[in-house]
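Those sequence lines, one after another, are chains A and B. For the first sequence, our numbering puts the final residue at 344, and the numbers step up evenly by one. For the second sequence, our numbering puts the final residue at 1795, and the numbers step up evenly by one.
Calculated directly from the structure, the hints in this document are not laboratory data. By construction, the Cβ of each residue, glycine as well, lies at the ideal position given by its N, Cα and C atoms. Please note that the accuracy of each hint is not assured.
Said to hold, decoys possible - Once the Cα atoms are required to be at most 27 Å apart in a straight line, the calculated DSSO-like pairs of lysine-lysine come out as:
{"id": "1", "chain 1": "B", "residue 1": "1777", "chain 2": "A", "residue 2": "198"}
{"id": "2", "chain 1": "A", "residue 1": "282", "chain 2": "B", "residue 2": "1477"}
{"id": "3", "chain 1": "B", "residue 1": "1021", "chain 2": "B", "residue 2": "1035"}
{"id": "4", "chain 1": "B", "residue 1": "1755", "chain 2": "B", "residue 2": "1777"}
{"id": "5", "chain 1": "B", "residue 1": "1477", "chain 2": "B", "residue 2": "1021"}
{"id": "6", "chain 1": "B", "residue 1": "1690", "chain 2": "A", "residue 2": "282"}
{"id": "7", "chain 1": "B", "residue 1": "1477", "chain 2": "B", "residue 2": "1035"}
{"id": "8", "chain 1": "B", "residue 1": "1755", "chain 2": "A", "residue 2": "282"}
To be verified - Every beta carbon over 12 Å from chain A, so not counted as near; a handful from chain B, in silico:
{"id": "9", "residue": "1023"}
{"id": "10", "residue": "1062"}
{"id": "11", "residue": "1089"}
{"id": "12", "residue": "1411"}
{"id": "13", "residue": "1587"}
{"id": "14", "residue": "1694"}
{"id": "15", "residue": "1699"}
{"id": "16", "residue": "1725"}
{"id": "17", "residue": "1743"}
{"id": "18", "residue": "1745"}
To be verified - Each pair of labels, with its calculated beta carbon distance range:
{"id": "19", "chain 1": "B", "residue 1": "1570", "chain 2": "A", "residue 2": "96", "range": "22 to 28 Å"}
{"id": "20", "chain 1": "A", "residue 1": "339", "chain 2": "B", "residue 2": "1112", "range": "54 to 60 Å"}
{"id": "21", "chain 1": "B", "residue 1": "1041", "chain 2": "A", "residue 2": "209", "range": "31 to 37 Å"}
{"id": "22", "chain 1": "A", "residue 1": "42", "chain 2": "B", "residue 2": "1738", "range": "48 to 54 Å"}
{"id": "23", "chain 1": "B", "residue 1": "1606", "chain 2": "A", "residue 2": "80", "range": "46 to 52 Å"}
{"id": "24", "chain 1": "B", "residue 1": "1038", "chain 2": "A", "residue 2": "247", "range": "24 to 30 Å"}
{"id": "25", "chain 1": "B", "residue 1": "1607", "chain 2": "A", "residue 2": "332", "range": "31 to 37 Å"}
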Amino acid sequence: MTSVDLQELTAMALEEIARADSLERLDGVRLRYLGRRDGLVTLAGQRLRELSPEQRAVYGQEFNRATGELRLALEARQRELAVGEEALREDAEWVDMSHPFREPEVGHPHPVAGLIREIEDIFAFLGYQSVAGPELEDDQHNFQLLNMPPEHPARDAHDTFYLRPPAGGWLYRTHTSPVQMRAMLGSRPPLRIIVPGKVARRDNPDPTHTPVFHQVEGLCVDRGVTLGDLKGTLEYVIRALFGRDRRVRLRASYFPYTEPSLEADVACAVCQGAGCRTCLQKGWIEILGSGMVHPEVLRNGGVDPEIHSGFAFGMGPDRIAVLRYGLADLRDLYENDLRLLECF
Amino acid sequence: MRVSHEWLGEMVDLEGVEPAKVADLLTLSGTEVEKVTAFGEGLEQVVVGEVVGLRRVEGSDHLFLAHVATPGQEPREVICGADNLFVGALVPWARPGTRLPIGAEIGRKRLRGIWSEGMLCAPDELGLGSDHDGVLILSPADAEGGMPLDRVYPADHLYELEVLSNRADCLSHWGVARELSALLSRPLRDPETSRPPRSSSAPSVQVAVDSSADCPIYLAELLTGFGDTPAPAIVRRRLAAIGQRSRGGIVDLANYVMFEIGQPLHTFDLDRLPTPESELAVGVRRGRRGESITCLDGITRELDPETLVITVGDAPQAVAGLIGGEASAVGPGTSQVLLEAANFNWARLRSTSRRLRLRTEASGRFERQLSPHLARRGADRFIHLAVRHLGATLGPGAVGGVPLAAAAAIRCDPARISSILGMELSPAEVAGPLRRLQFEVREGRGEILATPSPYRTDVTTAVDLAEEVGRILGYRKVPGTLPPNRQAPPLEALAEPVARLASATCRAAGFSEALTLSLVSGEREGLAPRLIGNLAHLELDNPLSAQLGSLRQGLLQGLLQSAHHNQARGQDQVRLFEQGAAFWGRGPERPEEPWMLALLDLEDDEAVAAAARLRRLMALIASLSSVGGGGVVEFRPVTWLGLHRARAAEVWAGAERRGIVGEVARPGADAFDVRGRVEVAELRLDGWLKPGGRPGHAPPLPRTPALVLDLSVTVPSGALLGPALQAVEALGLPELELVTPIDEYVGDQLGPGVKGWTLRLRLRRPERTLTTAEGDKARQAVLRALELEVGATAR
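Here chain A stands alone, though its shape is the one from the complex (with noise of 0.2 Å):
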């Protein structure tokens, strides 16, 4: 064995290498030329042995650039090789992937539901807690520590349904307004709260009426809370959930628990303020009912009205999910069609 000999045999493994056309030939011709026992490379470098220490220092060298090309040829080949067998394989296991698919399998929020959340949010950047209460109430909280005695006409409008004996004291609440007093009652102000949750009045379903229906109560008692401040909070609020060009108007109505008492009325999106049918031709849409907490209510909920001021409100957010999403009738909103909630 030569020299020439080496490099004949090199040049005819590089050649195999080339030509080997999947992954198992090009084993057998790692075997042929560099197999452990027999190939023919490691059998040439055996010959190593017999030659003289000056053939065997310059032949070594040979060998040894010829056995590394080989295993970059090898390993490059293999490579290449690999890859092509890969694409094979993926190739009979494909998938259309333009086939129309469902959506992932999350579910929905109820859109009220989330609109809670979302108010609680715009509250809570504002250092607003979210508290609940019970929705079961005395005449007590529900009415008369908010200055509705007993033939208070205000009460009219709240249709109240009462419990039968033996729980003939209790009450549905009929807003969410006696939280206000359990809070007022159970800590000292400063106080931001939000409540919210579910309330009843005795209403004959209909498109804008449901007997059970959610509010979301809020109050804010602190030194030096004027009106002033609940217009600021309401115009912030109400464009939060309305968007930033929605105008927003203040008009003087009546709650006996506050004083002066102010409704909040946003412009019809239907008609932007020029009167249709959603807004009964008005306009406007009523969305919520607040004002200043009356003296004798901060009283009843052990605040000092000299010390202390503040302002209270509610809103519907079922009212508010129908007009921002532009439902026709209140009602869908509990019947949980998949259909609708899965717009949201």
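Once you've looked at the hints, dock chain B against the given chain A.
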């Protein structure tokens, strides 16, 4: 309440103020204008015609042929269906070519072989209210033949008002004009009154009021000398405009004064009262048991000691403030009346009105705390008009009740008003709007003293004054600010609420959020599985219907109903959850309001797939507990009312039962008309999951590899995995990190009555790698435990 622009214009100058502007001013200051309608517009083409001949149309039982004429013209034939025509009647005649305000174009029409020359109109056809009972008959006092109708009914605008419940003073044109006078800064012109001298011809009158709490003031005035004169045209026209029918001169005037001044009046026909020669004894007292009165509407009502009545000679003649008696009603031929102008206790009237289920224009005003000061004003206005227009003479009068207290002055610091409203106002800026509202204002050093108008019973405190100033100046002028924020919310407010955690987790698992009413039919809810066992429902005392008669004890009833709703609309897969309060009560104590979460997963009727869905549901419950910091969950098989007897479990965590999970039994699903298999769970979250969720403690991660071994055993087919795994856990093997069931096998190879389990054991010691021998030892120990617990043998 409806008010007329033209009528208001008599009391406050509305020159140059468009109806839309009036509506805006009133609405923003609290008296909401719901609608503005044009009244009597486009009537110039309609003429007043005189019926000069009238006969039935041959062959018709309801059509009449009228000959209608205008001066100087030949009569024309007009066919008409109304039966209130008579020869000599003045009627609105729309001749061919006339376009009516309601839009219809009138032509010549051939009916039963006769050419009808136009149409005789009912009020509604002219845009003059909704009356369609017959042709509008015009009074010769107001109209003459040939006159265009717009001279009888000048164009006007009507405002439909929603008056706030504390503003009885606004239930009249005068009251609304007072508002507009303040809002527009234009002077108020009070309706004219005068007190003519009294004649002494009639009997004298005395008033005895039993309780001035029931009736603070009662004015009785005798008026004589009425003929059958109708009220003046303007009175009748204005009443018609606001939708009131004409009922003769005396009643029209009384109504007119009520709508103008706001004081309800009642007139009794003096000749129909039990009148003695000398003195008429009028009394205001409570009714007595056994007494009754036949009212103006023809209905006889029983009286009782809760009802306030007006008596003459102790015989009830009217239910006070609500309705008069039929016996003493004023009618054609009435020549002398007893006029009542009084004020009655609002709360008493409210309860009486509710008990009798009757509400009248009068009671609606008294109920809202009408000012007693109005009574004198109302009586004087009636007397003035009756004397001037109906030829009446004033006779003796009397007053009952107590002297009325003048409105108290309110002391108030203008700075306080500024600080309530959040805008800087000078004392003059505070006093201005109050004066415009007819309040008497005195400015002192650093304070003002304001005496409200006597007709404003709602203004008693400084805060009330602030509201008056604010709404008259307009809240538009108040700058919007944010309140001072000197204290951060409590730290608890930062923890994510349980309801949010639970909602997010359920939605991530593919369940959509539902909301249902808290009112249910108790009977129907009894058909749905519930976490609370056998408990009577809390019932409403005044339900809208039996369907909504009880408070819900759980949430599954609502979800099953929603499942049915969806399935009936073609959804084959329904996954819903709801959170909310349920109501559990026993006896008179405050009922419990547990915060519940219910889940429902409905698909087809395939048993094996349903079992997989049930497992998935259980996995979700375990995740919920883990996410919500509720600890490890254990499912204990159970027999539960309403659930499949072999597919139901209680959910336990932290040594308490937290809920139930299982498949709805067939009869239950059928009761809700749901096809397929329904997997459900109902959980009580309060007391279990924690705001903020799991605390998130992370022990150091192991650095040694785990040894994973599979163990296949044969067990009796009824063996339960839960207890088996508990038994393994009870071994307390320190290196046993996790046991996972990876396969359950039932098949011929194993023989009858048995099944195969394959469990995967994960073993680890933190300090060193385990040997195979140690692994085998652990596997043997597990096998022994399984042998003892469920009779397992190695496979």
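Evaluation of the provided hints:
1. 1777(B) - 198(A): 60 Å, violated
2. 282(A) - 1477(B): 22 Å, holds
3. 1021(B) - 1035(B): Distance ~13 Å between residue 1021(B) and residue 1035(B) Cα, so the pair holds.
4. 1755(B) - 1777(B): 24 Å, holds
5. 1477(B) - 1021(B): 17 Å, holds
6. 1690(B) - 282(A): 47 Å, violated
7. 1477(B) - 1035(B): Between residue 1477(B) and residue 1035(B) the Cα gap is close to 26 Å, so the pair holds against 27 Å.
8. 1755(B) - 282(A): Violated: residue 1755(B) and residue 282(A) sit about 73 Å apart, past 27 Å.
9. 1023: 9 Å, violated
10. 1062: Consistent with the label, residue 1062(B) stays out of reach of chain A, its closest Cβ about 37 Å off (over 12 Å).
11. 1089: 37 Å, holds
12. 1411: It holds; residue 1411(B) is separated from chain A by about 14 Å at its closest Cβ, greater than 12 Å.
13. 1587: The claim breaks: residue 1587(B) does not keep its Cβ more than 12 Å from every Cβ of chain A (closest is about 5 Å).
14. 1694: 21 Å, holds
15. 1699: 31 Å, holds
16. 1725: Since the minimum Cβ distance to chain A is about 29 Å, residue 1725(B) lies beyond 12 Å and the statement holds.
17. 1743: 26 Å, holds
18. 1745: 29 Å, holds
19. 1570(B) - 96(A): 22 to 28 Å: 26 Å, holds
20. 339(A) - 1112(B): 54 to 60 Å: 57 Å, holds
21. 1041(B) - 209(A): 31 to 37 Å: 35 Å, holds
22. 42(A) - 1738(B): 48 to 54 Å: Given range 48 to 54 Å: holds, Cβ gap about 50 Å.
23. 1606(B) - 80(A): 46 to 52 Å: 50 Å, holds
24. 1038(B) - 247(A): 24 to 30 Å: 27 Å, holds
25. 1607(B) - 332(A): 31 to 37 Å: With Cβ atoms ~35 Å apart, the hint holds.
When held up to the earlier numbered hints, the structure conflicts with 1, 6, 8, 9, 13 and fits the remainder.
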